[in-house]
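Asker: Now for the letters of each chain:
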Amino acid sequence: MTDLIASAPARATASGAASGAKLRAAGFAAAGLLVFLLVWEVVPRLGLFNPLMLPGPSGIPAAFWSELKSGAWGSAVGSSLGHYTIGLALGALLGVVFGVATGMSRLAEEATAWIVRVLRPIPGLAWVPFAIIWFGVNRTAAVFIIAIGVFWIVFFAAHGAVRSVERDLIEVADAFGFRRWHERLLKILLPAALPGILVGLRTALGQAWMAVVAAEIFGVPGLGQRMMQASSLLATELVVVYMLTMAALYGLLDSAFVALQNWLLRWKA
Amino acid sequence: MESVIDIRSLSLAFERDGHRTLVLDSLDLSIERGAFIAIVGASGVGKSTLLRVLIGLAKASAGEITLSTHSGKRQPLALVFQDARLLPWRRVVDNVSFGLEGGGLSRAERRSKSLDALRIVGLVDLADRWPHQLSGGQRQRVALARALAVEPEVMLMDEPFSALDAITREGLQDELVRIWRLTGKTILFVTHDIEEAIYLADRVVVLAGAPGRLAADHRIDTPRPRTRSAEGNADVVASVRRHLGAEKLIDGAAI
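Protein sequences, first through last, are from chains A and B.
When you number the first sequence by the working numbering, it's gap-free, plus one each residue, and the end is 302.
When you number the second sequence by the working numbering, it's gap-free, plus one each residue, and the end is 235.
Take these hints with a grain of salt, some might be off.
[Unchecked claim] Chain A residues, not near chain B, derived (Cβ > 12 Å throughout):
no., residue
1, S108
2, E204
3, V205
4, T278
5, Y283
6, W300
[Stated by the list, open to error] Incomplete in silico selection of chain A near chain B, CB under 10 Å:
no., residue
7, V72
8, G80
9, P90
10, E142
11, E143
12, R196
13, D201
14, G210
15, P224
16, L231
17, V232
18, A302
Hints are computed from structural coordinates only; laboratory data are not their basis.
Idealized CB from N, CA, C, for every residue including glycine.
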């Protein structure tokens, strides 16, 4: 009885302290952001910096609103997300297929060892010249650049994940008579490798986003291209609008992916 | 009595770095249908290897194994490993139905068979849990249910309780005897624990030496339910100890 009486307020204080700490952290975060915005606003106003070179935050909502009304923002976002999704899906699919195949088969791994060693260090952007020669400056070229970057990340993640699946689990499949390669793949290897593959996919998600912007700066329609147009007209507020748009879209995609990942891996301790 | 497995001059050698190590040497063993047979021996004597050969995880170098199981069974044998080896991404009931997949049963049929197996091991209430939510003993029960679910004629058990604490282990031993009497399955139970072997089995087979050979074969006639004291089987205990002890001397001499 005394225990109950004694522990109840103690628990209340503990949880009160925890929520107090959270509140304080949120307060400091908001204050930090406010100071940042304030400095950003004040510096060009004081004439320390040409407002054309560094537009203050107060002008940005208006720039965003007019860009939104004209429909340019929507079509740029739509276009970027379009080749982002296709490139990501293509690169991820090929990465998983080849990664799993080389993870499962020694022969496949040995046969591709030198091809991988030569092609892998080439940065994704170094493919831009060929992308333009083969496809022209268009969506296909962008998809190609994005897919290549994603491919390598997912390929290595899938390869490593399949390689490190415990032999003990594969034996379970063997002991219950599932010995054909596709039975092993579907019943053991893929589910066991899923956590590792998802880590690779999440990295690829960010990498692909950078490739989107890079491809568009070369002229493929989308956020990057619109940003470059704005910059050449010295519409710097608009440049900032697109920079923030990229950050927001990436943040959104990443949180959505993490939610999906947590659901897929809900069996983990 | 009719035998369900007949092992004739079974030998098995491992090849490693050009060295050939003989693990089992011309082993003869008949497993009668419905028997509960314990195989005891020191670690490394080839007890587990014998089970792995029977289930097809290892290949014999020489000898013959004859299965007289009923025809048309997809899975005449099932193995329970030392560790449960549940698939962590499957819920308990889906772990149990693992061996039923590919057997032409519908999803609903598989589930109902799996729930039956879980009922036998007393875990039907945990059917929808994830393996990580179970205790070690519960996990081993699920592994037992997974083997039972395929309705094998012979259950091969590889030191299935050795990783559990004493109380859980004793509980599961009693459970296993109950299940054995309930289902009438043949059980081949590998252990290094003499008391466990005598408590559980009708027949205790001793493997000893390097390579492992059949050293002794004792019948345990103690009526069931049994007590845990091995008195009344003191001769068996002595014989097994002698074989295990002799093996230690050989090991010592070899080193």
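Asker: Look at each hint and say if it fits the structure.
Answerer: The hints, checked one at a time:
{"no.": "1", "hint": "S108", "verdict": "holds (42 Å)"}
{"no.": "2", "hint": "E204", "verdict": "violated (6 Å)"}
{"no.": "3", "hint": "V205", "verdict": "violated (5 Å)"}
{"no.": "4", "hint": "T278", "verdict": "holds (37 Å)"}
{"no.": "5", "hint": "Y283", "verdict": "holds (29 Å)"}
{"no.": "6", "hint": "W300", "verdict": "violated (5 Å)"}
{"no.": "7", "hint": "V72", "verdict": "violated (49 Å)"}
{"no.": "8", "hint": "G80", "verdict": "violated (62 Å)"}
{"no.": "9", "hint": "P90", "verdict": "violated (47 Å)"}
{"no.": "10", "hint": "E142", "verdict": "violated (23 Å)"}
{"no.": "11", "hint": "E143", "verdict": "violated (21 Å)"}
{"no.": "12", "hint": "R196", "verdict": "violated (18 Å)"}
{"no.": "13", "hint": "D201", "verdict": "holds (6 Å)"}
{"no.": "14", "hint": "G210", "verdict": "holds (6 Å)"}
{"no.": "15", "hint": "P224", "verdict": "holds (5 Å)"}
{"no.": "16", "hint": "L231", "verdict": "violated (12 Å)"}
{"no.": "17", "hint": "V232", "verdict": "violated (16 Å)"}
{"no.": "18", "hint": "A302", "verdict": "holds (4 Å)"}
The structure fails hints 2, 3, 6, 7, 8, 9, 10, 11, 12, 16 and 17 (numbered hints given earlier, in ascending order).
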